[in-house]
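Residue numbers (the working numbering), protein chains in the order written: chain Y, 1 to 201; chain R, 1 to 297.
Don't read these hints as lab results, they were simulated from the structure.
Misleading hints may appear alongside valid ones.
Unchecked claim - With beta-carbon atoms standing in for the labels, derived distance ranges:
1. R:4 with Y:182: 50 to 56 angstroms
2. R:27 with Y:81: 21 to 27 angstroms
3. R:80 with Y:135: 31 to 37 angstroms
4. Y:111 with R:106: 41 to 47 angstroms
5. Y:135 with R:7: 47 to 53 angstroms
Quick reminder that beta carbons are idealized off the backbone N, C-alpha and C, glycines included.
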Amino acid sequence: MRFQRAYLIGFALHFFLLVTVASRDFFAVLADGSSYLPAALEPRWRMLEDATFTVLGQKLPPNNLMRETIACYLHAAGIEAGYGYFAPNVPYSYKLVFQLTYPNGTTEYELPSVATTETGRRLPTLLDFIAANRYEPLRQLILKMLAYSVWQHHRDALRIRAVFGMVITPSIAGYTRGDEPSYAVVCAYDFGFTKTERSPP
Amino acid sequence: MNEWFFGGTTDNWLAALRIGLGLQLVLYCIVSRADWRQMFALQPGSFVTRDLTEALVTLGSTLVPRVSWFISAGEFIGLSEATVLSVVWSVLLAAGLCLVAGIFCRSAAIAAWFLHLSAIKSSALLSYGVDNFTSIGLFYLMLSPLPDHLALDSRWRKWPPKSSQLQSFWQRVLQLHLCVIYFFSGLTKLLGSGWWNGESLWRALTRPPFDMVPSEVLIHGKYLFIPLGLGICLLETSYPIFIWPRRTRLIWLVGIITMHGAIAVLMGLYLFGLIMAVLNIAAFGTHLFRRRAGKAI
Numbered sequence: 001m002r003f004q005r006a007y008l009i010g011f012a013l014h015f016f017l018l019v020t021v022a023s024r025d026f027f028a029v030l031a032d033g034s035s036y037l038p039a040a041l042e043p044r045w046r047m048l049e050d051a052t053f054t055v056l057g058q059k060l061p062p063n064n065l066m067r068e069t070i071a072c073y074l075h076a077a078g079i080e081a082g083y084g085y086f087a088p089n090v091p092y093s094y095k096l097v098f099q100l101t102y103p104n105g106t107t108e109y110e111l112p113s114v115a116t117t118e119t120g121r122r123l124p125t126l127l128d129f130i131a132a133n134r135y136e137p138l139r140q141l142i143l144k145m146l147a148y149s150v151w152q153h154h155r156d157a158l159r160i161r162a163v164f165g166m167v168i169t170p171s172i173a174g175y176t177r178g179d180e181p182s183y184a185v186v187c188a189y190d191f192g193f194t195k196t197e198r199s200p201p
Numbered sequence: 001m002n003e004w005f006f007g008g009t010t011d012n013w014l015a016a017l018r019i020g021l022g023l024q025l026v027l028y029c030i031v032s033r034a035d036w037r038q039m040f041a042l043q044p045g046s047f048v049t050r051d052l053t054e055a056l057v058t059l060g061s062t063l064v065p066r067v068s069w070f071i072s073a074g075e076f077i078g079l080s081e082a083t084v085l086s087v088v089w090s091v092l093l094a095a096g097l098c099l100v101a102g103i104f105c106r107s108a109a110i111a112a113w114f115l116h117l118s119a120i121k122s123s124a125l126l127s128y129g130v131d132n133f134t135s136i137g138l139f140y141l142m143l144s145p146l147p148d149h150l151a152l153d154s155r156w157r158k159w160p161p162k163s164s165q166l167q168s169f170w171q172r173v174l175q176l177h178l179c180v181i182y183f184f185s186g187l188t189k190l191l192g193s194g195w196w197n198g199e200s201l202w203r204a205l206t207r208p209p210f211d212m213v214p215s216e217v218l219i220h221g222k223y224l225f226i227p228l229g230l231g232i233c234l235l236e237t238s239y240p241i242f243i244w245p246r247r248t249r250l251i252w253l254v255g256i257i258t259m260h261g262a263i264a265v266l267m268g269l270y271l272f273g274l275i276m277a278v279l280n281i282a283a284f285g286t287h288l289f290r291r292r293a294g295k296a297i
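Looking at chain Y on its own, in the form it has when it is part of the complex (with noise of 0.2 angstroms):
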């Protein structure tokens, strides 16, 4: 019986971490504005997640003990993301072509490359964070750190520019009028990298 108690005292913690977790992304979602419900009512859900990262132990100073011990949980459990995956709606997909110009002033393009399709199903994910992120000099560092893997395979190249865009593709309507996928392009960079350079950027 006290085994019991003791299982179930867990499960009642799990749980509650669980589902708190998953509101807090159901109310960031509800929040941004990204679903058909009344815009007036973004405050509150606003407050709803700011309440969830209160639980979670997310508003206390970054070294706390309960926080990073929360966090770690999460962590270990598989549990510290929520489950809005396609959600509300599917996204525009990211395209990152790099265009490489060489002493004599020809160009070529390449896109970021990996050996197997599988780890090229994950480029999303870095594609994604690249644009959701709204702090430039990380997404400077990340697209230089880029830049640098493709130079490698081209060090005869001057300079590398590395251009980070959004694919719109056609909706069914569109598509069926005969429209094409766009792309338009977020941000670019140019990078220059020397032969002396050993260590990535």
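Once you've looked at the hints, dock chain R against the given chain Y.
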């Protein structure tokens, strides 16, 4: 409540979970072998260096396991980064194989959970749902009363069966977790207009790099996008209700597994499809198979 959680059940569900997760890990290791070093090494030309990803992860908690821990430990005893990465990959593969066979179940489950968690956290910028769900499954597997009766451990060492009460408790935990997953997933989809007019389903299938089926083929089924999109939302949102009654369980289970099978085939997300099928079968499928087998007998 005690009766519901601790009513007792067989360990068939645990066997399904163990074998399924073992298989998932083996496939994960095989498909990521070619990119393993590029994903985790700090060498020049690595895709996104491990230190950046780990720095982002540790913003949440410094206690989260990561590959750097193994690299540091390896360096301490004179092993190079490349060697440690190969060892981590090999041990993860071995843990997966042990889980499939049922050898050293508990140790293999703990090792698999820890190594897999470290790997996905150190490559968080390249992780997606499949890693999260594998992590969830391994966490429950590690805590569940292993070994099950189908494991080689039980047969070779002649261990007595583990408590049926604990078997039922951990199965209930997995069942309730799946209900939360599908409920929130379905509910959030219902809030987007794209799932009501078919656009979300169309975009999901035409979005690179998941556009396995050419658009000119998909467009022939354009009238199906609205009912299918709404069907997915309703199937997921009502999962916590209809997966429990015996009359509707088979319908919902087959519906959900079919949906994941379709995602696997049409979007190329095979590992994602496999892990979701494994979790669903372990949580709700083994009762059905047992009952059907019983009827047949």
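Going down the list of hints, with the structure as the test:
1. R:4 with Y:182: 50 to 56 angstroms: This hint holds: roughly 55 angstroms between Cβ atoms.
2. R:27 with Y:81: 21 to 27 angstroms: For residue 81 of chain Y against residue 27 of chain R, whose Cβ atoms are near 22 angstroms apart, the range 21 to 27 angstroms holds.
3. R:80 with Y:135: 31 to 37 angstroms: Holds: the Cβ-Cβ distance is about 34 angstroms, inside 31 to 37 angstroms.
4. Y:111 with R:106: 41 to 47 angstroms: holds (44 angstroms)
5. Y:135 with R:7: 47 to 53 angstroms: holds (51 angstroms)
Violation of the numbered hints given earlier is absent; every hint is satisfied by the structure.
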